[in-house]
Amino acid sequence: KAGVTQTPRYLIKTRGQQVTLSCSPISGHRSVSWYQQTPGQGLQFLFEYFSETQRNKGNFPGRFSGRQFSNSRSEMNVSTLELGDSALYLCASSWIAGGPEGKFFGPGTRLTVL
Amino acid sequence: GQQVMQIPQYQHVQEGEDFTTYCNSSTTLSNIQWYKQRPGGHPVFLIQLVKSGEVKKQKRLTFQFGEAKKNSSLHITATQTTDVGTYFCAGPETGNQFYFGTGTSLTVIP
Chain G
249 KAGVTQTPRY LIKTRGQQVT LSCSPISGHR SVSWYQQTPG QGLQFLFEYF
299 SETQRNKGNF PGRFSGRQFS NSRSEMNVST LELGDSALYL CASSWIAGGP
349 EGKFFGPGTR LTVL
Chain Y
773 GQQVMQIPQY QHVQEGEDFT TYCNSSTTLS NIQWYKQRPG GHPVFLIQLV
823 KSGEVKKQKR LTFQFGEAKK NSSLHITATQ TTDVGTYFCA GPETGNQFYF
873 GTGTSLTVIP
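In order, the protein sequences belong to chains G and Y.
Taking the numbering used here, the leading residue of the first sequence gets 249, the next gets one more, and so forth.
Taking the numbering used here, the leading residue of the second sequence gets 773, the next gets one more, and so forth.
No wet-lab data here; the hints were simulated from the structure.
Just so you know, these numbers come straight off a predicted model, no measurement behind them.
Yeah, the Cβ is synthetic: ideal placement off N, Cα and C, and Gly gets one too.
Accuracy of the hints is not assured; some may be wrong.
Derived SDA-like pairs (lysine to any residue); straight-line CA-CA distance at most 20 Å [stated by the list, open to error]:
hint	chain 1	residue 1	chain 2	residue 2
1	Y	K823	G	Q292
2	Y	K808	G	F352
3	Y	K831	G	E349
4	Y	K828	G	E349
5	G	K305	Y	Q852
6	Y	K808	G	Q289
7	Y	K808	Y	A840
8	Y	K808	G	G288
9	Y	K808	G	T286
10	Y	K808	G	G290
11	Y	K808	Y	I819
12	Y	K808	G	T253
13	G	K305	Y	Q775
14	Y	K829	G	E349
15	Y	K808	Y	Q852
16	Y	K808	G	K305
17	G	K305	Y	T799
18	Y	K828	G	T286
Derived contacts from chain G toward chain Y, CB cut-off under 7 Å, selection only [to be verified]:
hint	residue
19	L291
20	P348
21	F353
Some but not every residue of chain G turned toward chain Y, in silico, with C-beta under 8 Å [what the hints assert, rightly or not]:
hint	residue
22	S281
23	G290
24	F293
25	G350
26	K351
27	G356
28	L359
The following block holds chain Y by itself, in its conformation from the complex (with noise of 0.2 Å):
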C-alpha cells in the first residue's frame, strides 16, 4: 500500500526562523492535502494541490508540489507561536483512500 513520510518527525525553532517541513510519497498521488494539528486539538485543513508543480502561499506558509507529484513541502517563513502544532500532509491513493503522513511537529520556542 502507499506510505507518507515526513521529515523531519519533530523540529524545534526560535520564533522568528525559517520552518520547512517535507512529504515523501512511495506513490504518485492525484493531488495532495495539508493539514495542521494544534495540540490537543483536531486536524485542520490548509490547502489542496492538484497541478504539477503547484506553488501556492497563504501569508507565511508556501506550499509545494513536486513536479513528479510523490512528494510536496510546507515551508513556514519567520515562524510565529501560533505556528505550534503538527503539520500533516495527505495524499489519495486510488479510490480516494487519504493516506495522513507520519507528521511533523514543530515547537517554536518564544
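Bound-form chain G, shown alone (with noise of 0.2 Å):
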C-alpha cells in the first residue's frame, strides 16, 4: 500500500508570494492533518479535515487556508507569504481522527521564504 504521498518536496519562493502544497493519504484513509515543524517551535498543529470537512484549525493566522477533496485528497495555501513561514510543512492522514493505529506521516515539503 502507497504511503502518504505530497508534493512538491522542495519549494523556494519570495516574501509576499503565495503556495500551495498537496498531500495524497494513503488510500482509504479519510482524516488528513497538517502540522508546521520549525527548529524552534517543533511541530505545531495547522489544520484537519475529515471527508472534505475542517475538523479543527491550529492557532495560525488566516493567511493559512487548506481543503479537502472528494478523494480525501487536500490541499494548504500559504498567501502573502513571510520569512518565518519557512518550514518543513506535514501532512497526516489516519482512517479516524485519533485513531489508535496512530497518524501516517508524508515526507513533507520543505518550504524557503527568501
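Each chain sits in its own coordinate frame; assemble them with the hints.
In C-alpha cells, the structure reads:
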C-alpha cells in the first residue's frame, strides 16, 4: 500500500508570494491533518480535515488555509508569504481522527521563503 | 490551550546505556501516542496508550501512561545507534486536535 505523498518536496518562494502544497493520503484514509515543523517551535498543528470538512484549526493566521477533496486528497495554501513561514510542512493521514493506529506522515514539503 | 512538555530536550548516551523521556500535559489526555522522527525523516507512529496506568512494551521500548492520564514516559533499554532520533509524544484535546510534545532528541554515541 502506497504511503502518504506530498508534492512538491522542496519549494523556494519570495516574500509576498503565495504557495499551494498538496497531500495524497493512504488509500482509504479519510482524515488528513497538516503540521508545520521548525527547529524553534517544533511540530505545530495547522488544521485537520475529515470527509471534506475542517474539523479543527490550530493557532495560525488566516493566511494559512486548506481544503480536502472528495477523494480525500488535501491542499494547503499560504498567502502573502513571510520569512517566518520557512519550515517543513508535514501532512498526516489516518482512518479516523485520533484513531488507535496513529497518524501516517508524508515526507513533507520543505518551504524556503527568501 | 493544551501544552505538552517533554524533558529532557536533548539526551546524549553511550551505546548500551538506558534512556528515558518524559511527557507532561497541562490537561488530562484521553489517550497518548508516541512517534519517532529520524534525522531528515518524518514522524513515525510507535504506539498508543489509552488506559490509566497502562504499560506497553515493544522489544527494548517501554511506554507508560500515568495514573492521572496527564503524563507518560518512554524508556529504552540498552540503546543502539538505530535508536537515534527525536521522540515525540502527542495527545488529543477535546475535538481530537492533536498537540505534539516538544520532543526529546536522542544521540547515541557508539
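Hints and how they fare:
Restraint check for K823/Y and Q292/G: not satisfied, since their Cα atoms lie roughly 26 Å apart, outside the 20 Å limit. Taking the CA atoms of K808/Y and F352/G, the gap is about 12 Å. The hint holds against a cut of 20 Å. Between K831/Y and E349/G, the direct Cα distance comes to roughly 18 Å. Compliance with the 20 Å bound is thereby established for this hinted pair. Of the supplied pair hints, the one linking K828/Y and E349/G holds, its CA atoms being roughly 15 Å apart against a limit of 20 Å.
Distance hint between K305/G and Q852/Y is unfulfilled; the C-alpha atoms sit about 38 Å from each other, more than 20 Å. A distance of roughly 17 Å separates the Cα atoms of K808/Y and Q289/G; the hinted pair therefore holds under the 20 Å criterion. At most 20 Å may separate the alpha-carbon atoms for a hinted pair to count; K808/Y and A840/Y exceed this at roughly 24 Å. Simply put, K808/Y and G288/G have alpha-carbon atoms about 18 Å apart, close enough for the 20 Å limit, and the pair holds.
For the suggested pair K808/Y and T286/G, the alpha carbons sit about 16 Å apart, so the restraint of at most 20 Å is met. Taking the CA atoms of K808/Y and G290/G, the gap is about 13 Å. The hint holds against a cut of 20 Å. Taken as a hint, the K808/Y and I819/Y pair is honoured in the structure, with Cα atoms around 10 Å apart against an allowance of 20 Å. Between K808/Y and T253/G, the direct Cα distance comes to roughly 19 Å. Compliance with the 20 Å bound is thereby established for this hinted pair.
The hinted pair formed by K305/G and Q775/Y meets the criterion: a straight-line CA distance of about 16 Å does not exceed 20 Å. For the proposed pair K829/Y and E349/G, the alpha carbon gap of about 16 Å is at most 20 Å, so the pair holds. With a C-alpha separation of about 14 Å, the suggested pairing of K808/Y with Q852/Y holds against the 20 Å cut-off. Annotation: proposed proximity of K808/Y to K305/G is violated, straight-line Cα distance about 24 Å (limit 20 Å).
With a C-alpha separation of about 19 Å, the suggested pairing of K305/G with T799/Y holds against the 20 Å cut-off. A threshold of 20 Å between alpha carbons decides the hint, and for K828/Y with T286/G the separation of about 30 Å lies outside it, so the pair is violated. At about 4 Å, the closest approach between the beta carbon of L291/G and any beta carbon in chain Y falls short of 7 Å, and the interface hint on this residue holds. Interface hint status for P348/G: upheld, as the beta-carbon distance to the closest one in chain Y is roughly 5 Å, under 7 Å.
Interface hint at F353/G: satisfied, since its Cβ lies 4 Å from the closest Cβ of chain Y, which is below the 7 Å cut-off. Here the hint on S281/G is kept, as its CB sits about 7 Å from the closest CB of chain Y, short of 8 Å. About 5 Å separates the beta-carbon of G290/G from the nearest beta-carbon of chain Y, less than 8 Å, and the hint is met. Hint status for F293/G: holds, given a least beta-carbon distance of 6 Å to chain Y, under 8 Å.
Among the interface hints, the one on G350/G holds; its C-beta lies about 3 Å from the nearest C-beta in chain Y, closer than the 8 Å criterion. For K351/G, the shortest C-beta to C-beta distance to chain Y is roughly 6 Å, which falls under 8 Å, so the interface hint holds. A least Cβ separation of about 6 Å between G356/G and chain Y falls short of the 8 Å threshold, and the interface hint therefore holds. At about 15 Å, the closest approach between the beta carbon of L359/G and any beta carbon in chain Y exceeds 8 Å, and the interface hint on this residue is violated.
Of the numbered hints listed earlier, those contradicted by the structure are 1, 5, 7, 16, 18 and 28.
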